[in-house]
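Construct the complete structure from the given sequences, taking the supplied hints into account.
Number of protein chains: 2
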Amino acid sequence: MDPRVDLITLGVPDVAAARRFYVDGLGWRPTLDVPGEVLFLQVGHGLLLSLFGDDALVLDMGLPAGRSPVPGADPDPPVLRTAFTLAHNVESDEEVRTTLAVAERAGGRIIKPAQRAEWGGVHGYFSDPAGFCWEVAHNPGWSVDADGTVQIRPVEPG
Amino acid sequence: MDPRVDLITLGVPDVAAARRFYVDGLGWRPTLDVPGEVLFLQVGHGLLLSLFGDDALVLDMGLPAGRSPVPGADPDPPVLRTAFTLAHNVESDEEVRTTLAVAERAGGRIIKPAQRAEWGGVHGYFSDPAGFCWEVAHNPGWSVDADGTVQIRPVEPG
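Protein chains in written order, with our numbering: chain B, 34 to 191; chain E, 34 to 191.
The hints are simulated quantities; they were obtained by calculation from the structure and are not laboratory data.
It is possible that some hints are incorrect.
[To be verified] With the Cβ distance kept under 10 Å, some of the chain B side facing chain E (calculated, not the full set): (1) Met34; (2) Val38; (3) Ala51; (4) Ala150; (5) Trp175.
[To be verified] In silico negatives: residues of chain B with every beta carbon more than 10 Å from chain E: (6) Leu65; (7) Val67; (8) Leu96; (9) Arg130; (10) Pro146; (11) Glu151; (12) Asp161; (13) Asn172; (14) Ser176; (15) Gln184; (16) Val188; (17) Glu189.
[Stated by the list, open to error] Simulated restraints, written as ranges between beta carbons of each label pair: (18) B:Asp47 <-> E:Leu65: 18 to 26 Å; (19) B:Trp152 <-> E:Asp57: 29 to 37 Å; (20) B:Asp178 <-> E:Gly60: 39 to 47 Å.
Every residue gets a Cβ at the ideal spot worked out from N, C-alpha and C, and that includes glycine.
Structure representation (structure tokens):
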């Protein structure tokens, strides 16, 4: 697994409120803007920040709402780790599986095994020893220009 | 405020356990490694991931331990937002102040006003409407090579 973060996802209770702050307030220009659903903002070379409904994020992770993704995680202090995830893109569906296996061998815990994602690619989730969650994804619609600009185009579900 | 994340900090209960996973397990090479205290890993062009003690992170944010940084934040489900922060670097001490003011006008909440940081620069924290916390920092010891590699050198306290 290469040391690389491609996407930071913040699970927010109100995507419209997040939009008012980041787009209207700070003046950041969306890469992708689906009102009330999700907002993607470029925040670095090949790096996006995603503002995504927290319920939708928990669902995407394959978890029941409101539950910590780490069985047996220390409940004191209570931490909803699902409020944010880091994502790591790989080049093939198979590499999603092998990368999750690498993370598990390294001491991570598989939260969601590799599977077809709603957006057309393949993804899975693991947590690190502290409970922080990483998504591993193959998204054929994601590309990065030479200057670091991320392009996202729809993917035909396979 | 430019749309840019420079540093992702994960507040972990055990920095040595995080090191075993990311360095020994995944094989990622530290940019900075202070055993038991902090671990910096390069995870993108000009982007570092920091594994930092969660108690130390809360202290750095100027908050009492275990408390949510957002007064009045929804306690159900309980969310310890301090478990992670995003950092945004600026070019001068004065720009830390003006950037925090911009974030406040945009609807953010000042968590820690601009002040001299232990590591020699100047920093402050604000939270976005969902409670996610951003550090705004001027770190004269932080530089980015043309290829995106981050260099960190000690700063003389001013």
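Against the structure, the hints:
| no. | hint | result |
| --- | --- | --- |
| 1 | Met34 | holds, 5 Å |
| 2 | Val38 | holds, 4 Å |
| 3 | Ala51 | holds, 6 Å |
| 4 | Ala150 | violated, 22 Å |
| 5 | Trp175 | violated, 14 Å |
| 6 | Leu65 | holds, 14 Å |
| 7 | Val67 | holds, 17 Å |
| 8 | Leu96 | holds, 12 Å |
| 9 | Arg130 | holds, 16 Å |
| 10 | Pro146 | holds, 19 Å |
| 11 | Glu151 | holds, 23 Å |
| 12 | Asp161 | violated, 5 Å |
| 13 | Asn172 | holds, 16 Å |
| 14 | Ser176 | holds, 15 Å |
| 15 | Gln184 | holds, 16 Å |
| 16 | Val188 | holds, 23 Å |
| 17 | Glu189 | holds, 28 Å |
| 18 | B:Asp47 <-> E:Leu65: 18 to 26 Å | violated, 37 Å |
| 19 | B:Trp152 <-> E:Asp57: 29 to 37 Å | holds, 34 Å |
| 20 | B:Asp178 <-> E:Gly60: 39 to 47 Å | violated, 29 Å |
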